[in-house]
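Protein sequence lines correspond, in order, to chains V and C. Our numbering numbers the first residue of the first sequence as 16 and each following residue consecutively. Our numbering numbers the first residue of the second sequence as 674 and each following residue consecutively.
For the record, the hints were derived by calculation from the structure and aren't laboratory data. Every value quoted in this text rests on a predicted model; they were computed, and no experiment measured them. Any given hint might turn out to be false.
Stated by the list, open to error - Here are the simulated DMTMM-like pairs of lysine to aspartate or glutamate, each with C-alpha atoms no more than 25 Å apart in a straight line: (1) LYS185/V <-> GLU718/C; (2) LYS685/C <-> ASP208/V; (3) LYS392/V <-> ASP409/V; (4) LYS398/V <-> GLU365/V; (5) LYS693/C <-> ASP416/V; (6) LYS49/V <-> GLU244/V; (7) LYS693/C <-> ASP208/V; (8) LYS68/V <-> GLU365/V; (9) LYS185/V <-> GLU710/C; (10) LYS185/V <-> ASP340/V; (11) LYS45/V <-> GLU335/V; (12) LYS24/V <-> GLU193/V; (13) LYS685/C <-> ASP82/V; (14) LYS113/V <-> ASP390/V; (15) LYS699/C <-> ASP416/V; (16) LYS357/V <-> ASP405/V; (17) LYS699/C <-> ASP208/V; (18) LYS221/V <-> ASP694/C; (19) LYS685/C <-> ASP340/V; (20) LYS398/V <-> ASP416/V; (21) LYS693/C <-> ASP80/V; (22) LYS699/C <-> GLU244/V; (23) LYS136/V <-> ASP340/V; (24) LYS24/V <-> ASP416/V; (25) LYS398/V <-> ASP208/V; (26) LYS699/C <-> ASP80/V; (27) LYS105/V <-> ASP416/V; (28) LYS136/V <-> ASP82/V; (29) LYS685/C <-> ASP80/V; (30) LYS699/C <-> GLU57/V; (31) LYS392/V <-> ASP186/V; (32) LYS49/V <-> GLU718/C; (33) LYS699/C <-> ASP405/V; (34) LYS49/V <-> GLU327/V; (35) LYS699/C <-> ASP390/V; (36) LYS68/V <-> ASP21/V.
Claimed, not checked - Computed, partial: chain C to chain V, Cβ under 7 Å: (37) ASN679; (38) ALA680; (39) VAL683; (40) LYS693.
Every residue, glycine too, gets a C-beta built ideally from N, C-alpha and C.
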Amino acid sequence: MSVGLDNLKHIVVLMMENRSFDHMLGGLMKANPKINGLTGNESNPDSQGAIVKVQPNAQFQSQLDPDPDHHFPGVDLQIFGGAAPGPGRKANMMGFVKDYFTQTNDVNRSHNIMSYFTPDKLPVLTTLATQFAVFNGWFSSIPGPTICNRAFAHYGTSFGQVGMDIFYIKDPILSIYERMVQAEHTAKIYYYDQQSSTMEIVNLLKNQPQIFATYSQFIGDCNGGTLPEYSFIEPCYNDHPGPGGGQVLASDQHPDHNVQEGERFIASVYNAIRTNPALWQSTALLVVYDEHGGIYDHVVPPSCTADGYCAEPTNTGTSEAFNFDRLGVRVPAILVSPYIPKGTVVSGPEAAAGGRIFEHACIPGTVTNFFLNGDAKRTVREKNASTFLDLLGDQLRPDSDIPFFNLGGS
Amino acid sequence: MATPTNAIFVPKSHPGSYNKDRPAGKLLQSQTLHLREALIQHLQELVTVLAIDPKSLKTEGDVSAYIHRATAILHTHSARPPRK
Chain V
16 MSVGLDNLKH IVVLMMENRS FDHMLGGLMK ANPKINGLTG NESNPDSQGA
66 IVKVQPNAQF QSQLDPDPDH HFPGVDLQIF GGAAPGPGRK ANMMGFVKDY
116 FTQTNDVNRS HNIMSYFTPD KLPVLTTLAT QFAVFNGWFS SIPGPTICNR
166 AFAHYGTSFG QVGMDIFYIK DPILSIYERM VQAEHTAKIY YYDQQSSTME
216 IVNLLKNQPQ IFATYSQFIG DCNGGTLPEY SFIEPCYNDH PGPGGGQVLA
266 SDQHPDHNVQ EGERFIASVY NAIRTNPALW QSTALLVVYD EHGGIYDHVV
316 PPSCTADGYC AEPTNTGTSE AFNFDRLGVR VPAILVSPYI PKGTVVSGPE
366 AAAGGRIFEH ACIPGTVTNF FLNGDAKRTV REKNASTFLD LLGDQLRPDS
416 DIPFFNLGGS
Chain C
674 MATPTNAIFV PKSHPGSYNK DRPAGKLLQS QTLHLREALI QHLQELVTVL
724 AIDPKSLKTE GDVSAYIHRA TAILHTHSAR PPRK
């Protein structure tokens, strides 16, 4: 076991919303070819058959309105380029522009789905990606929307769901929070505030209210040294009035929310951990996105261990059932710890050998293995999921080598 | 702690970004449906518990079961802001 793992007491996961790897981090490949981003020549055909290349012109807001489709049939089109479901069809990542056209009905606007940020636009995410560990092969768990993908982060499965519908847990599989609490460990979900609340409502908020707290409590727990062993943070999901007549901006980065506000939120989570020296040295922070939000990524999602469920065609919205045996589109994922060597790139499916595949079932899988010695009823999918704490090494990086975010800017 | 060489400046969001009149997307609409469903479940449980006449509870087992259910309902309301 490494020194970093020996000292690890806390795992914190911040799950953002609806941005693809290439959109947020693809521009990093120019400076570091190990990062599996964009060459600038990746393209999709538009609805008129014209070739549309990726463009480094992503904007913080107003560019992806209407919200790009990220429900199962739309993502199927994005991944398979419009080939009808059936044996032998191959994923080609060629249907993003066509799919966005179905929403915009505007050829030029449909090209916006190929936009990506230059690294200077995202100083927080790109700093973390280049200073700590970035995953080339972290995928959303399902080629579908938020709720079912987030379920994989909480339970290691979505219990057969591929959409946003309400579902009830009928299997003896507990959420990672319940597993931890039952084993006399500590765990919390921190939602931003009561106006934003949580996306995990029907099963957890209703039945396990004691595992929830607000983001201000997270800050207090970081300052006071009372952070639980496992924490999951939800950003603010909507614009709403703040206390004293102020304005609270959505920080989830879901289109069409302001991406810069999400940057500031990620920085504030990082700073809260970073500014408590004892906590900083004993915490691993994973920043990850729930799904790609319909935005272009060039990497074909790989197959995965089926988790024993099947979504029928009536639920997938395609002519085909889904056996949860392939992953969704790739998303940004970064692991932060002072025990991670600067510039770590975790190779993914692009590697000829040794590439590693991650998805959201890796989160409860890693937490269960580390804190509970793997002792919990789990799906086969979660049991087979990769874990990520081996990235923590023996060397504690000096404070002068670790970035700090200045949020006081105008 | 932070030194000038390792401090990264993070710009503030554009002041005009705030728009509470932005149409709610599918995710937020779904969130409200889920909350409503959870509230209905609460209501059903509340109605069921309120239908029990406490005078009908004769044994400690009866009483403890009632207390358990009633406390669980009240506990879930503990997240409300404190009264001023």
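Quick rundown of the hints versus the structure:
no. : hint                  : in the structure
1   : LYS185/V <-> GLU718/C : holds, 19 Å
2   : LYS685/C <-> ASP208/V : holds, 20 Å
3   : LYS392/V <-> ASP409/V : violated, 32 Å
4   : LYS398/V <-> GLU365/V : holds, 24 Å
5   : LYS693/C <-> ASP416/V : violated, 40 Å
6   : LYS49/V <-> GLU244/V  : violated, 33 Å
7   : LYS693/C <-> ASP208/V : holds, 16 Å
8   : LYS68/V <-> GLU365/V  : holds, 21 Å
9   : LYS185/V <-> GLU710/C : holds, 17 Å
10  : LYS185/V <-> ASP340/V : holds, 21 Å
11  : LYS45/V <-> GLU335/V  : violated, 39 Å
12  : LYS24/V <-> GLU193/V  : holds, 18 Å
13  : LYS685/C <-> ASP82/V  : holds, 23 Å
14  : LYS113/V <-> ASP390/V : violated, 46 Å
15  : LYS699/C <-> ASP416/V : violated, 42 Å
16  : LYS357/V <-> ASP405/V : holds, 15 Å
17  : LYS699/C <-> ASP208/V : holds, 20 Å
18  : LYS221/V <-> ASP694/C : violated, 29 Å
19  : LYS685/C <-> ASP340/V : violated, 42 Å
20  : LYS398/V <-> ASP416/V : violated, 36 Å
21  : LYS693/C <-> ASP80/V  : holds, 15 Å
22  : LYS699/C <-> GLU244/V : violated, 33 Å
23  : LYS136/V <-> ASP340/V : violated, 36 Å
24  : LYS24/V <-> ASP416/V  : holds, 22 Å
25  : LYS398/V <-> ASP208/V : violated, 33 Å
26  : LYS699/C <-> ASP80/V  : holds, 13 Å
27  : LYS105/V <-> ASP416/V : violated, 45 Å
28  : LYS136/V <-> ASP82/V  : holds, 21 Å
29  : LYS685/C <-> ASP80/V  : holds, 22 Å
30  : LYS699/C <-> GLU57/V  : violated, 30 Å
31  : LYS392/V <-> ASP186/V : holds, 10 Å
32  : LYS49/V <-> GLU718/C  : violated, 55 Å
33  : LYS699/C <-> ASP405/V : violated, 38 Å
34  : LYS49/V <-> GLU327/V  : violated, 39 Å
35  : LYS699/C <-> ASP390/V : violated, 37 Å
36  : LYS68/V <-> ASP21/V   : violated, 47 Å
37  : ASN679                : holds, 5 Å
38  : ALA680                : holds, 5 Å
39  : VAL683                : holds, 5 Å
40  : LYS693                : holds, 5 Å
Hints 3, 5, 6, 11, 14, 15, 18, 19, 20, 22, 23, 25, 27, 30, 32, 33, 34, 35, 36 from the list above are not met by this structure, while the remaining hints are.
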